[in-house]
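K.L.:
Here's the letter readout for the chains.
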Amino acid sequence: MSRRRLNVNPLDYSRKLWMRSAMGFTFFFLYFPIISLIIFSFNDSKRNITWQGFTLKYYEKAFNNNQLHEAFANSLLIAGISTLTATVLGAMLGLALYRFRFPMQGPYEGIVHLPIVIPEICLAVAMVAFFATVEVPLGLVTITVSHIAFSIPFVAVVIRARMAGFNRSLEEASADLGASQWQTFWNVTFPYMKPGLVAGALLAFTLSLDDFVITFFTSGPGSTTFPIKIYSMVRFSVTPEVNAASTVLIVITLALTTLALWVQSKSQRNESNA
Amino acid sequence: MPDTDKTIISVQDVTKRFGSTVTAVDNVNLEIKEGEFFALLGPSGCGKTTLLRMIAGFETLTEGAILIDGDDVSSVEPTHRPVNMVFQSYAVFPHMTVEENVGYGLRVVGTPKAEIDSRVKEAIDLVRLSGLEQRKPNKLSGGQQQRVALARALVKKPKVLLLDEPLSALDAKLREAMQLELVRLQENVGITFIIVTHDQKEALSMANRIAVMGDGKILQIASPKTLYEYPSSSFVADFIGQVNLFDVTEQGIAHGELTLTVDELGAVVLPGVDTSRTYHKLALRPEKIGVARDKPSEIGLVAIPAKLVEDSYIGDQSHLYFETAGGKALSASVQNRDRDDHHLNKRGEKMWLYWHPAHFQPLSD
Ligand SMILES: Nc1ncnc2c1ncn2[C@@H]1O[C@H](COP(=O)(O)OP(=O)(O)OP(=O)(O)O)[C@@H](O)[C@H]1O
Ligand SMILES: [Mg+2]
Chain A
1 MSRRRLNVNP LDYSRKLWMR SAMGFTFFFL YFPIISLIIF SFNDSKRNIT WQGFTLKYYE
61 KAFNNNQLHE AFANSLLIAG ISTLTATVLG AMLGLALYRF RFPMQGPYEG IVHLPIVIPE
121 ICLAVAMVAF FATVEVPLGL VTITVSHIAF SIPFVAVVIR ARMAGFNRSL EEASADLGAS
181 QWQTFWNVTF PYMKPGLVAG ALLAFTLSLD DFVITFFTSG PGSTTFPIKI YSMVRFSVTP
241 EVNAASTVLI VITLALTTLA LWVQSKSQRN ESNA
Chain E
1 MPDTDKTIIS VQDVTKRFGS TVTAVDNVNL EIKEGEFFAL LGPSGCGKTT LLRMIAGFET
61 LTEGAILIDG DDVSSVEPTH RPVNMVFQSY AVFPHMTVEE NVGYGLRVVG TPKAEIDSRV
121 KEAIDLVRLS GLEQRKPNKL SGGQQQRVAL ARALVKKPKV LLLDEPLSAL DAKLREAMQL
181 ELVRLQENVG ITFIIVTHDQ KEALSMANRI AVMGDGKILQ IASPKTLYEY PSSSFVADFI
241 GQVNLFDVTE QGIAHGELTL TVDELGAVVL PGVDTSRTYH KLALRPEKIG VARDKPSEIG
301 LVAIPAKLVE DSYIGDQSHL YFETAGGKAL SASVQNRDRD DHHLNKRGEK MWLYWHPAHF
361 QPLSD
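Same order as they appear, the protein sequences are chains A and E. Our numbering puts the first sequence at residues 1 to 274. Our numbering puts the second sequence at residues 1 to 365.
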């Protein structure tokens, strides 16, 4: 028995029936809901239960739904601004944590990364309480600020991980060759950070785009985002229009993720181990 | 060889401490002349890199001063020091082509485009990388990356080029080729080279002068030949090549000449050696020892019978390890002149070892 085990290549496990069925079930549970959601977005029926025929009319309907439009525009605006801000701040934070040794660095790092592990609902309540204290009316601004706040640590973690593989002597070589610190940053450090920046920015963007809990708490009248709009539509009934809107969101997210992976693999191919 | 007698780098009473416990460099004094090929040699962790990085400006001094071409550079950033460094890891910029890498140091200081082009071309020719201008570093071999790093530093026309173990990542053959090439390059450009290495053969074959470091201190500064033939301490003698050490039991003067007594050898007369110092050891290089079946009849030789315990054949030479009647281990190296007779000896055989006493180097430590 043990001898046979030793002879099994790790990849050979996929040839075993139990392994294959486990994999099959996993994929089924993971993707069946999503696939059926996409399929039924083309269903020519008011309800989602039986297949009545192919149609694109719910996409048309979704595209012509002004409220949905507005919610989508809000989402893009918030995601755009928060991504930009969070990427810059998060990158600076990640770089500082990688670069400098300062007193209380350990605890500081822990606190900085806390928002990643704190339950979102707590963060949401804290945000609302904070905005009430400083007397800022809830709306697009508060949503954006909250999104920036919870995206920063994610970007910082990505940048920090990226910089762990950086060869410090590259910066020294640059300085040695007569470059100022600013030139060294833009010519040497920044090109190395770039894939991390892209990955961090895309992470921040998707986090912002599909955030529900914090957005729900920090939104005010007239500041509906895409996920919140869909939620309110679902509360009436799950029509193929909701499916269609969700499918669009899935496609956008998928496209961005693919882009991120592509950028990363491309930069890896370009790098030497020097 | 140095062209002038001008001092280009002067290291004065320099000490570097990391924290309160680690003294990486301990009260070092060095004068490096213009045009010299200078080597810092020492075992791992002795502070060679730290000393080099202080000259480049990447480490601050705890005590002392460093002068480059007469100017105290203590408060000068690495960016503005007239020295350039070749890093051990090469530190070639991965996202730039060979050409962009070499031109980097000129671009950042705003050199005119035409001048950059011609100087880059010259530097690339100098290190024989022509034809690879558009390659990215990940498509270059280790030796080629090394040349990019060299060209990138040389294109700046520094007063001094600092090289931190530049050849340690290369295989033995390439390493030997690069040693020759570095020497040729240094002679061509006439720039002072300071090379850090822990490979004594590398230092001996390349440098005009070598500083041997141990534990943060400079132990001896001398030409390769002096260092090898006249080491000043048993550490240096042992670090540079192989050495047999004999303990001196008695010191005296006979007819105005130094006489040292050594177990099993008796009194050894050393003409022309400073008699005012106390000596504790005698050093003898293995290749100075002759090996014979019969006791040599020549007068004035030191001769001692010994038993062969080990014979290690390394191609051009054989290292023979002997043991004397008193249990003293001695090693001798002999050239293998004849193809089929590289060792005339069998293990356990009694042989005679002999040498001229002038080959003894008395040591005070
Ligand atoms: N930044 C630092 N902080 C603390 N200690 C250091 C630092 N840099 C070097 N040291 C210590 O200083 C001593 C000398 O280091 P250095 O790197 O100069 O040695 P080296 O002679 O170049 O050795 P090697 O041949 O291994 O490169 C070592 O004991 C090392 O641990
Ligand atoms: Mg070193």
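Calculated directly from the structure, the hints in this document are not laboratory data. There could be a bad hint or two in this list.
[Claimed, not checked] Simulated crosslink set (DSSO-like; lysine-lysine; CA at most 30 Å straight-line):
1) A:K194 / E:K139
2) E:K6 / E:K157
3) E:K159 / E:K225
4) E:K328 / E:K225
5) E:K33 / E:K159
6) E:K136 / A:K194
7) E:K136 / E:K173
8) E:K113 / E:K157
9) E:K288 / E:K346
10) E:K6 / E:K139
11) E:K121 / E:K136
12) A:K266 / E:K139
13) A:K61 / A:K46
14) E:K225 / A:K266
15) E:K201 / A:K194
K.L.:
Run every hint past the structure and note whether it holds.
P.N.:
Verification of the hints:
Using a Cα cut-off of 30 Å, the hinted pair A:K194 and E:K139 holds, with the two alpha carbons roughly 21 Å apart. Annotation: proposed proximity of E:K6 to E:K157 holds, straight-line Cα distance about 18 Å (limit 30 Å). Between E:K159 and E:K225, the direct Cα distance comes to roughly 27 Å. Compliance with the 30 Å bound is thereby established for this hinted pair. With a C-alpha separation of about 28 Å, the suggested pairing of E:K328 with E:K225 holds against the 30 Å cut-off.
Annotation: proposed proximity of E:K33 to E:K159 holds, straight-line Cα distance about 11 Å (limit 30 Å). Using a Cα cut-off of 30 Å, the hinted pair E:K136 and A:K194 holds, with the two alpha carbons roughly 18 Å apart. Taking the CA atoms of E:K136 and E:K173, the gap is about 24 Å. The hint holds against a cut of 30 Å. At roughly 17 Å between alpha-carbon atoms, E:K113 and E:K157 fall within 30 Å of each other, so this suggested pair holds.
Restraint check: the Cα-Cα separation between E:K288 and E:K346 comes to about 21 Å, which is no more than 30 Å; the hinted pair holds. Distance check on the hinted pair: E:K6 and E:K139 sit about 42 Å apart at the alpha-carbon level, beyond 30 Å; violated. Restraint check for E:K121 and E:K136: satisfied, since their Cα atoms lie roughly 17 Å apart, inside the 30 Å limit. Taking the CA atoms of A:K266 and E:K139, the gap is about 15 Å. The hint holds against a cut of 30 Å.
For the hint pairing A:K61 with A:K46, the CA-to-CA distance comes to about 12 Å; that is within 30 Å, so the pair holds. Between E:K225 and A:K266 the CA atoms are separated by roughly 53 Å; this puts the pair beyond 30 Å, and the hint is violated. Between E:K201 and A:K194 the CA atoms are separated by roughly 43 Å; this puts the pair beyond 30 Å, and the hint is violated.
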